[in-house]
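Here are the chains, one letter per residue:
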Amino acid sequence: MIFGVLLLANHSNELLKQVVIAPGSVAELGVPADCRADELEEEGLSLLECELMVSNVQITLVSSPEWFRPLMFLLSVSGVLFAALSISVGFSFVNNKNVNVNWAKSCFIALIVIDAVIFIVATNTGPLLRAQYLWSTLLWFFVHLFLLFAAVSISSKEIEDGA
Amino acid sequence: MSEQLPKAKVAMHWLVAIGVFFLFVSSWWMLSLPLPSEDFTYRQLPFQLHKNVGITIMVMVVAMIAISIVKKRKKLQIQKSRIERLASLDHLLTYFLIIACCISGYLSSSFSGWETTLWWLVELPAWSEENDDLNIFFSDIHLWTCWALLSVVSVHIGAALYHAFRNDDVIDKMFRL
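Chains as they are written, first to last, in this note's numbering: chain A, 2 to 164; chain B, 1146 to 1322.
Isolated chain A (complex conformation):
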């Protein structure tokens, strides 16, 4: 459940990123950062940090191949849906002890596939995006792998007990 909540937050944030950082936006046009002294003081930033915030957006835009944004959009929407489904699977385990474990297994397999595809997608971009995505995706991949095998062992124990 806790992993489901964290994953849902993670994929929702990724979705927000893909919506906000769009190709052709102002950072790509070379407009200089607007770093007013009062804003810098308010945010506790140096002038250089403020300028680098624009570079941060440029890094994402320049490093993203054309196919990256639509693919990540699709993957994060799928991630949101399956994370929500994994939470409901958690609920159903408690509410109905006879819940079909196959539901849980299917859900974790889908999440593993999503992690694997994000990993492959990020691998095929440049080093700057790889640095942003690979490690966290690998961590989620292993979390989902553990959960899948927990579900697999529950289901095989059920079969043994029933036999």
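It should be emphasised that the hints constitute simulated quantities derived from the structure, not laboratory data. Check each hint, because a few of them may be wrong.
Facing chain A, according to a computed beta carbon distance under 8 Å, are these residues of chain B, among others [what the hints assert, rightly or not]:
(1) Pro-1179
(2) Leu-1180
(3) Asp-1277
(4) Cys-1291
The beta carbon of each residue, even a glycine, is placed where N, CA and C say it ideally should be.
Fit chain B to the given chain A structure using the hints.
Frame of chain A; chain B shown alone:
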């Protein structure tokens, strides 16, 4: 078997949990976006969404407190153990910090001169003209109450895991819909 919690409270608990973690992860990211100006509008959507989710969470927490008060009135007062009193303190602190985070964030935004339109539908009142000092003051409160909330939530999750590994019915209550 421990007493069943109202379904609405259980559902709201998990919605608040999702909302709180979304606010943490999205705020760390959105504060790395370029400072706002006429040209740079990257922060507009994330900040508006941040405020909308925050206000909605506050409404849900207030509703959860109301449900708890109504339930408590109906219940006989029984002597609580030390650990149960600590758990109650953790709940109270979590509720207080969520509300403090939301109110300080809203006030900071209000004094920064940015309007808040709840879910792009209802314009919320600004409390005064733009005031940098008050904006920074409430922004600092927002920051520190949120860090405190993260600490208290970690204790809360730790306690939940303790009950989960003991396989007692305390954890079951939070999953029953």
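Now for the hints, and whether the structure bears them out:
Given the 8 Å rule on beta carbons, the hint for Pro-1179/B holds: about 5 Å separates it from the nearest Cβ of chain A. The interface hint given for Leu-1180/B holds, since its Cβ lies 5 Å from the closest Cβ of chain A, which is under the 8 Å cut-off. The closest approach between the C-beta of Asp-1277/B and any C-beta of chain A is roughly 6 Å, which is under the 8 Å cut-off, so the hint is satisfied. Interface restraint check for Cys-1291/B: the shortest CB-CB distance to chain A comes to about 14 Å, outside 8 Å, so the restraint is violated.
Comparing the model with each numbered hint stated earlier shows that hint 4 is the single one that does not hold.
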